[in-house]
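**Q** Assemble the complex: chain B is given as a structure, and chain Y must be docked to it using the hints.
2 protein chains.
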Amino acid sequence: MDRKKSRNVSDYSLNLASSAKKSSSQLRLMTTAQKNGVLRRLSGLLLDPEQQKGLLHANERDIEFARENQLSSAMIDRLALTEKRIAEVARGVEEVVALPDPVGVTGAFRVLENGLRIGQIKVPLGVVLVIFESRPNVTIDVASLCIKSGNVAILRGGKEALHTNQAFFQLLGQAFLDEGFESMAFFVDKPDREIINELLSLDAYIDIVVPRGGYGLIQAVTEASRIPVIKHDAGICHMYVAADADLTMATEILTNAKTQRPGTCNAVETLLLDAGFAYKRELLESIRQHKVTLKGCSESQRILPGIDSATEEDYATEWLDLILNVRVVKNMDEAIAHIERYGSGHSEAIVSNHYTQIGEFMNRVDSAAVFVNCSTRFHDGGQFGLGAEVGISTQKLHVRGPMGLEHLTTTKYLVMGNGQVRG
Amino acid sequence: MDRKKSRNVSDYSLNLASSAKKSSSQLRLMTTAQKNGVLRRLSGLLLDPEQQKGLLHANERDIEFARENQLSSAMIDRLALTEKRIAEVARGVEEVVALPDPVGVTGAFRVLENGLRIGQIKVPLGVVLVIFESRPNVTIDVASLCIKSGNVAILRGGKEALHTNQAFFQLLGQAFLDEGFESMAFFVDKPDREIINELLSLDAYIDIVVPRGGYGLIQAVTEASRIPVIKHDAGICHMYVAADADLTMATEILTNAKTQRPGTCNAVETLLLDAGFAYKRELLESIRQHKVTLKGCSESQRILPGIDSATEEDYATEWLDLILNVRVVKNMDEAIAHIERYGSGHSEAIVSNHYTQIGEFMNRVDSAAVFVNCSTRFHDGGQFGLGAEVGISTQKLHVRGPMGLEHLTTTKYLVMGNGQVRG
Chain B
145 MDRKKSRNVS
155 DYSLNLASSA
165 KKSSSQLRLM
175 TTAQKNGVLR
185 RLSGLLLDPE
195 QQKGLLHANE
205 RDIEFARENQ
215 LSSAMIDRLA
225 LTEKRIAEVA
235 RGVEEVVALP
245 DPVGVTGAFR
255 VLENGLRIGQ
265 IKVPLGVVLV
275 IFESRPNVTI
285 DVASLCIKSG
295 NVAILRGGKE
305 ALHTNQAFFQ
315 LLGQAFLDEG
325 FESMAFFVDK
335 PDREIINELL
345 SLDAYIDIVV
355 PRGGYGLIQA
365 VTEASRIPVI
375 KHDAGICHMY
385 VAADADLTMA
395 TEILTNAKTQ
405 RPGTCNAVET
415 LLLDAGFAYK
425 RELLESIRQH
435 KVTLKGCSES
445 QRILPGIDSA
455 TEEDYATEWL
465 DLILNVRVVK
475 NMDEAIAHIE
485 RYGSGHSEAI
495 VSNHYTQIGE
505 FMNRVDSAAV
515 FVNCSTRFHD
525 GGQFGLGAEV
535 GISTQKLHVR
545 GPMGLEHLTT
555 TKYLVMGNGQ
565 VRG
Chain Y
145 MDRKKSRNVS
155 DYSLNLASSA
165 KKSSSQLRLM
175 TTAQKNGVLR
185 RLSGLLLDPE
195 QQKGLLHANE
205 RDIEFARENQ
215 LSSAMIDRLA
225 LTEKRIAEVA
235 RGVEEVVALP
245 DPVGVTGAFR
255 VLENGLRIGQ
265 IKVPLGVVLV
275 IFESRPNVTI
285 DVASLCIKSG
295 NVAILRGGKE
305 ALHTNQAFFQ
315 LLGQAFLDEG
325 FESMAFFVDK
335 PDREIINELL
345 SLDAYIDIVV
355 PRGGYGLIQA
365 VTEASRIPVI
375 KHDAGICHMY
385 VAADADLTMA
395 TEILTNAKTQ
405 RPGTCNAVET
415 LLLDAGFAYK
425 RELLESIRQH
435 KVTLKGCSES
445 QRILPGIDSA
455 TEEDYATEWL
465 DLILNVRVVK
475 NMDEAIAHIE
485 RYGSGHSEAI
495 VSNHYTQIGE
505 FMNRVDSAAV
515 FVNCSTRFHD
525 GGQFGLGAEV
535 GISTQKLHVR
545 GPMGLEHLTT
555 TKYLVMGNGQ
565 VRG
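Protein chains in written order, with the numbering used here: chain B, 145 to 567; chain Y, 145 to 567.
It cannot be assumed that every hint is accurate.
When chains are identical, the list treats them as one kind, so a pair holds in a single copy or across two.
[To be verified] Mimicking DSBU-like on lysine-lysine, the simulated pairs with C-alpha atoms at most 35 Å apart in a straight line are:
#1 K165 with K303
#2 K165 with K266
#3 K149 with K334
#4 K165 with K474
#5 K166 with K474
#6 K166 with K197
#7 K165 with K148
It should be emphasised that the hints constitute simulated quantities derived from the structure, not laboratory data. Source: prediction; values computed, not measured.
Excised from the complex, chain B in its bound form:
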């Protein structure tokens, strides 16, 4: 990168970030009614046939570009907008309107010995940088969650969806203007990769980065960022079937956890079968009937001929597909050791009827969520009753598990006195 380009990138990024920070002192003070007003207007614009035409037109440009560059048809399908998909995006916005505003919520105030009254309230984080890949609906999903929680979003989508994202972003700005505010959302409208790195260094202006996408994106952001990152990482999820598990229950849960939506992070990737479980063969046969390819240890290959051999790397892979690793383990200790070695700390399940063993599994397994006799597919903000989610966090700081509106806030202490000083 020559010096002039480098200066342009740096001016562009600094201007974006500092404008976002400036907007933030206004947006964080907007009332719930004002924020909902903007969101309702946005949903209205999304449903307006004229605007939809514009969105579809912009989307066509991206699709054309994708075809020219021979992107896979799966990629093109994820990219493509239809009137129905736009209506779904609008419905998502309405759902955010319906959620309670997390800002301003206070816990109990305490009165200290010296008469000070002290309490904590929830306040917006400030400026949120969201970096995401291809699916353009994310633009509006995440922007609505940010607005509802009083945060200014800086949105950076994939370059293959640039025109579509730009069109969505324009509606967002329009919604602010129509409600009598200046636009308080920002968009990175240049594809240069250097802009991301520059933004990731501006920790004086940006409070948090949320990368949504594949392993590569998340690693690159973590590596480069000076700003705190909320990761939504891989789900290498395990299911341990104990010696005295019920076969029917184990079959139903495994089928659901593996096949209901194999492409999601909470789908099971590895089955750990206790050697003492009498129906190992039956369970393996039944899951194979669902067109699941099995990759297993030598013992599982002995039990059910025709299973491929699993490598070390297979056990560390998030398949996101109809593939299941299988390992026969001597006991729960061996199952937990396997989870500690290969797991990503997302979701692990046990199927068992042994009370003490279940308690020990819940205690020893250190993951965002541990499931007893139910499917890992329940690991989801909506299912857990949090409403819309930004994603599922596999990190331990700030939020672990589904990240909802509440986790887009921080706290502020309020301390009220009448002249107290410290002795």
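**A** This is chain Y only, laid out in the frame that chain B set:
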């Protein structure tokens, strides 16, 4: 760094971090009684005259080295141990024993429509890397907080306190052994700077980094780390005296906030005087009587002759000394604009009797704590009733304000069913 040294650093760091992670599956399951046992034994060792001799002896080596290298007498004083200081460290450990164990605390369990019972419990973070400067008592302070919260600590102190820290660390290991456990605390016993950078890249083993020290240390760690950082950053704290403030109250609070312990992060650095406050001169005269050097705007220089001129840089400086910036502002808007520009989001105070104005100040100022008619010096875990603190966080993720034992934990969802699958 030649290749061989680089391999040594990398082996050493990886070995340390992976051993810590291994210990963590054991330490996080220790009961409160077991953890308190280790801590009580540690306090006993610290009070044992034989052990104290060893500590003082190790400390002498560091002091000698410091004298040879002509460290300032203030630095040498911070480094020096005495029997009394060791007893204080032991008392600190006993205080941690007395705090409630944050681990295992559960919120309410909910029962969902589908019969799933869902709850969240607090669990240790895992492995905590603590990087700190000179004061050797921090070794034991932080290690006790980590042990009590079920975390394995990797301790890295300043090289000028290496022998003292090593001696403290040996007692820590001894306390584990005496209670029948293997030692589950780790210590970086080589001074090489490269080891820190290497450790900061090992996010597969280390869950969180807590840098405790000056601005330089915190910036360097933030820059290099792939591991989430809990910053304990600068406190550029402001006090705004409104038009209708009470002079006596303003004087008492300002004196306390500036002079009671000027070297702390919650001391006030800048006084913002409302132009409408009638007693500006009296307030400035009274604080000057406490040997505080004033640096002010032209208006404040007009009000009280002899005030030095304040530069832009002065307003952005954490003095940690008997120096106070002064600016006369037209109104509260100007005061808040000044805080937004120069503040570090730590602690800001308002002295006023105007109800509506106070409410607006509390609402608009975005800092970890906002103080009304009381001293910023109250910003402290002990004062807020949290018990011992790791430090005061100025970041917005995970914890903002005093970081107590509770913030050394994360959460784990427990979901219990009887065969539920997702539809």
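**Q** Can you give the numbers of the hints that this structure goes against, from lowest to highest?
**A** none
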